[in-house]
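Top to bottom, those sequences are chains A and B. For the first sequence, our numbering assigns the number 1 to the initial residue and increments by one for each residue that follows. For the second sequence, our numbering assigns the number 1001 to the initial residue and increments by one for each residue that follows.
Keep in mind that the hints are not guaranteed to be accurate.
[What the hints assert, rightly or not] Each pair of labels, with its calculated beta carbon distance range: (1) B/A1181 with A/K156: 53 to 61 Å; (2) B/L1191 with A/K156: 49 to 57 Å; (3) A/K156 with B/Q1022: 24 to 32 Å.
Hints were generated in silico from the structure; no laboratory data involved. Glycine is no exception: its CB is placed at the ideal position from the N, C-alpha and C atoms.
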Amino acid sequence: MKRFILSLFLLLCLGGMLRAQDPSAVKLQTLDGKTVTPASWVDGKTPYVVSFWFVTCKYCLEEMDAVSELFEEWNETVPFRFVAVNTDDARSLARAKAMAAGRGWDSFQFAFDTNRAYVRAMNVVSMPHVFLFDKNGKLVYTHVGYAPGDEELLFKELKKLK
Amino acid sequence: MRLFLPASFILSLLLSQPGRAQGVFTGGLESQTAIYKGGSYGSNNYLKLDYMQGSFSAGIQAEYYPEPMLGYDMNLKGFGLPGKYLAWTRENWSLTAGDYYEQFGSGIIFRSWEDRTLGWNNSVGGVRATFRTSDDRLSGKILYGVPREFLHYASRQIAGGEVTGRIGNVAVSAAAVDQIAGGVSDLSGMLALSWGAGPFTASAEYVGKKGGHAESAVLGYAAKGFSASMTVRRLEGMLDRTGMNYLPSLCQQQVYMLATLNPYTTFADGEIGGMGDLFYRYKTWKFHVGGSMIYALPSALSGHDTRRLCYRDINIDIEKKWNRKFKTVAFVSIQENSPSHGQRKATNAQNVFVLDGLYKFNARYSLRAQVQYLYSQELTKDWVAGMLEAGFAPHWTIHISDMYNHGDTREHYYEAGVTYALHALQVALSYGHQRAGFVCSGGVCRWQPEYTGGIVRLSYNFRR
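Turn these sequences into a full structure, and let the hints guide you.
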């Protein structure tokens, strides 16, 4: 128990000392099997949203459906990119890729994190979990869970980056 | 280990001195505590911290189980720092010392991974090196270490490596893994091939080990509005008590509670099977058809010389968005399961029907309702279930659900709960009566005993 309290203490100490940027070098797979790193999503031009999902996460699918339907409309106001990071294992990878194409998420970029290395690097505990990064890769907003309407808050945060 | 915390703390301080590039500090906290009827309790707590600066990263994972929650192994009881590492990552190579996760191929030959829902963590403590050429044509990994067992290390070692070469659209991988226990070596090997062109992808993998082998193949087609995938796999003599071979059940993973009532678990002694999915979208309609079929091999059955059915299912879901406010899903799953993995002829059949509706009153308020019915003449026969969930975006969700077995036991399994979310913080409180059964995550299952009680779940994530 003492060690657990010590760990919590370290969390609070270090949390106050350090500032953020996104140099993550974790290797992910693209739809066509190529390697991509999260650092490559920083283009210096547009902000981007990273959303973690898996095929049996109903709330993840609903959130992605909601953003997909509004994507063009939002993009007219704030150009941005949406990167959907799938966290299924290799067994469900084929289904995830099929789902990505078949559900009409045509505007999204996809990355596949089959052994959850990026999940661990981002310390994602539960899903869906969205992270909004500005054009320089600085984290500006994050939200865990999804209730219909949460996407409006994401849009509000996106508009701040206009 | 005792020196690791203060050492990493001092190192982090040094690296965060003015004049140096600022690093990233991330953390995740997860805590679940259950109070069970009768006064007992269980509590699973995880704290993970990572620091990254340039090529350097370091982290720890602390776990504390004053009493493991019901269904989790009692060997987890206590406090531990089972995850701690230092790593250097450059564009073309990386080196890790400490506890790490890794996977070769699809994981059949070797996968170290974590799933807290299952209470599973077989990270490897040791060293690992990876490399890849700048054009990504050649990459490889090599590792050595001791697998984690509960909060400690197992009394066996593991050594292995994987190399992948890519030419155009084709990638070829080969891997070897050796598990050494009590001076006895257990060597296995893997060969995999993958190919992709336009909307088509295909891959195949072979794994061989002492007394067993596995073959798998995946085909995929993905185009705008229509996509399909198919996976087939054959296992023979792949039973692995160390848990390093990743052998999830090759059947459809379901969302709805009655469809997951009697899940299938892999028959690693010998099975052959496959699963497939079709997705189609037309205007405001979305269609999905999925199915799987798995047979036990005669070599794994005593006294049978033909294949016997282990599991099959066919599932159809149709999603319709009627307008901006109202969406429905109709779902049917027809399942047949052999509880003896084909050893006996008797199977259990069940048909599950679900209607799921979501109404969005405005940008903040929504209501979801589900009605589910399971029809069966075997086991506990018919079930009915319902769920209501009210969403008050962006912070609150309230739900109530009940699952009632009216075919046999006439018992209710109910739950009511509330969830609060604020940025990266999520707190959930629920109370209910849960039935005994398998809890599955990604096709891997653990047994969950029946209980009545309340659970508080907290998760928090930060990045600075």
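Quick rundown of the hints versus the structure:
1. B/A1181 with A/K156: 53 to 61 Å: 56 Å, holds
2. B/L1191 with A/K156: 49 to 57 Å: The hinted range 49 to 57 Å holds for B/L1191 and A/K156, with Cβ atoms some 51 Å apart.
3. A/K156 with B/Q1022: 24 to 32 Å: Hint holds: Cβ distance 28 Å, inside 24 to 32 Å.
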